[in-house]
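> Read off the chains here:
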Amino acid sequence: MIFLNLTIILLICIVIFFTYNVIKGDSEESSSVPPFTAVTSAPETQATTVTSAPDTTISAPSSTVESLSSDSSDTSDSSENPETSQSAESDSDIISVDFDKEYFSTSLFIGDSITTGLSLYGFLDADNVFATQGLAPSTVLTAEIDGMTFESKIASFKPKRVFIMLGTNSVGYGEAEDLVSSLRTLVDDISGLCNSEIYVLSIPPVTRAADLSNENYLTIEAITEYNNLLKEEIGKTDAKFIDFYSVLVNSEGYFNEDYAEMDGIHFMGKTYQVMLSFLQKQTS
Amino acid sequence: MKKVTKLLSAVLIPAIILSLSACSSNSTSSSSTASETSSVASEQSSEAAAGAPADITAKMQADIKFPSMAEIGSDRMSTYYEIDADKIDSFSAFICGSGAVPDEIAVFKMKSEQDVEAAKSVLLARVDNQKATFESYTPDEMYKFDDKNVVTNGQYVALIICADNSAATDIFNSMAK
Chain A
1 MIFLNLTIIL LICIVIFFTY NVIKGDSEES SSVPPFTAVT SAPETQATTV TSAPDTTISA
61 PSSTVESLSS DSSDTSDSSE NPETSQSAES DSDIISVDFD KEYFSTSLFI GDSITTGLSL
121 YGFLDADNVF ATQGLAPSTV LTAEIDGMTF ESKIASFKPK RVFIMLGTNS VGYGEAEDLV
181 SSLRTLVDDI SGLCNSEIYV LSIPPVTRAA DLSNENYLTI EAITEYNNLL KEEIGKTDAK
241 FIDFYSVLVN SEGYFNEDYA EMDGIHFMGK TYQVMLSFLQ KQTS
Chain B
1 MKKVTKLLSA VLIPAIILSL SACSSNSTSS SSTASETSSV ASEQSSEAAA GAPADITAKM
61 QADIKFPSMA EIGSDRMSTY YEIDADKIDS FSAFICGSGA VPDEIAVFKM KSEQDVEAAK
121 SVLLARVDNQ KATFESYTPD EMYKFDDKNV VTNGQYVALI ICADNSAATD IFNSMAK
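Note that the protein sequences, when read in sequence, are chains A and B. Here my numbering is used: the first residue of the first sequence is 1, the next is one more, and so on. Here my numbering is used: the first residue of the second sequence is 1, the next is one more, and so on.
Treat the hints as calculated values from the structure; they're not laboratory data. Since the structure is predicted, the reported quantities are computational estimates derived from the model, not experimental observations. Don't take every hint at face value.
Stated by the list, open to error - SDA-like, lysine to any residue: derived pairs with alpha carbons at most 20 Å apart:
#: 1; chain 1: B; residue 1: Lys131; chain 2: A; residue 2: Gly147
#: 2; chain 1: B; residue 1: Lys65; chain 2: A; residue 2: Gly269
#: 3; chain 1: A; residue 1: Lys270; chain 2: B; residue 2: Ser68
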């Protein structure tokens with residue numbers, strides 16, 4: 001009997017002990033985690049998801065060539081709007097950023113500092129790039145880069161495709177007709193050297209801040225004039241003109257700031273991904 | 001009743017002691033885990049203080065304003081720096097990806113101090129090359145070229161071209177140990 005009583009008392013004590021611990025544990029948990037934490041943390045997660053989106057998508061240009069003819073004065077009165085890139089990327093027609101580095105393994109890119117970024121960022125090998133800071137349509141014909149001219153580079157590399165994007169260093173300073181004439185000479189020379197497919201890209205836009213800057217003459221107006229003349233001249237050759245400019249502009253007609261370096265002229269890393277994805281789609 | 005109380009005490013007291021010791025054991029375990037974590041953190045921080053090149057370049061980029069930088073991995077290192085890879089213990093290098101400005105940082109920890117001079121010569125040549133490239137292109141950026149572009153400290157050698165070479169050199173000297 002005593003044993004039975006003891007067992008019952010022991011069981012009761014154990015139940016009380018565990019009940020106390022459970023209650024204590026619950027109260028500790030509830031005191032360390034405020035009930036509203038989940039509510040406040042949820043929007044942060046959503047924000048992270050949203051901000052990562054521009055890394056992989058870009059709004060598609062409505063056309064690849066015609067938009068070059070647009071008059072820059074249409075945008076000159078627009079005020080700077082931090083939402084610009086958002087509105088540009090909210091367009092329904094979206095191109096995914098996906099390119100195959102192997103696709104460009106036999107391609108040669110000729111250009112200026114902007115083009116050097118293709119290899120500086122490591123998107124292409126240095127061998128695929130014949131470019132240097134300051135290169136211009138007037139200097140490319142005689143320039144030596146790492147001891148090679150464009151002619152010796154083409155002779156040794158034997159590219160299947162040649163992409164040319166030149167003019168940013170000269171537009172606004174020299175006559176657009178002269179610059180285009182120099183590029184025409186380059187295209188003709190390359191055609192005489194190899195059977196490569198030759199693609200000439202429009203030069204990219206600049207941001208509104210860079211457009212208004214007094215530091216250089218590189219304006220949207222001058223760029224548009226040059227690109228239109230270039231398109232016309234390249235149309236007379238076997239080379240193909242590609243309007244990359246339209247891929248990079250925002251709804252106000254300036255370089256989409258999401259894709260521009262601090263100077264409003266050069267490219268961010270993701271811009272090269274956009275560029276290569278676009279070029280692969282245009283040329284394959 | 002006294003007997004019952006005694007028996008109850010005999011059973012409950014050890015149980016309570018056991019239970020408390022279990023709690024104590026848990027908390028000891030927790031504190032031990034915390035101590036281990038802190039020990040790992042301490043080791044990591046001592047590693048940072050010891051100066052892994054990646055930590056040094058990370059600190060430079062955290063403290064000094066840089067444009068968008070692209071990392072130069074081991075697969076492309078030889079494209080930029082003709083340093084004998086067999087003599088490098090570890091390295092970390094970044095370059096301005098857009099090509100707009102000459103910003104570039106590279107920290108090499110060589111396997112031996114004797115290898116530092118050869119690496120230094122390579123880096124000095126690299127600085128001269130970059131200086132020649134940018135002096136007509138961006139004259140406003142030439143202030144980034146000075147007598148602190150290549151610095152050494154023991155087994156370490158660094159190339160520093162940025163907006164504040166003095167600050168970057170201080171970081172290098174304080175962490176390259």
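> Each hint needs a verdict: does it hold in this structure or not?
Evaluated hints:
no. : hint                : result
1   : B:Lys131 x A:Gly147 : holds (17 Å)
2   : B:Lys65 x A:Gly269  : holds (17 Å)
3   : A:Lys270 x B:Ser68  : holds (11 Å)
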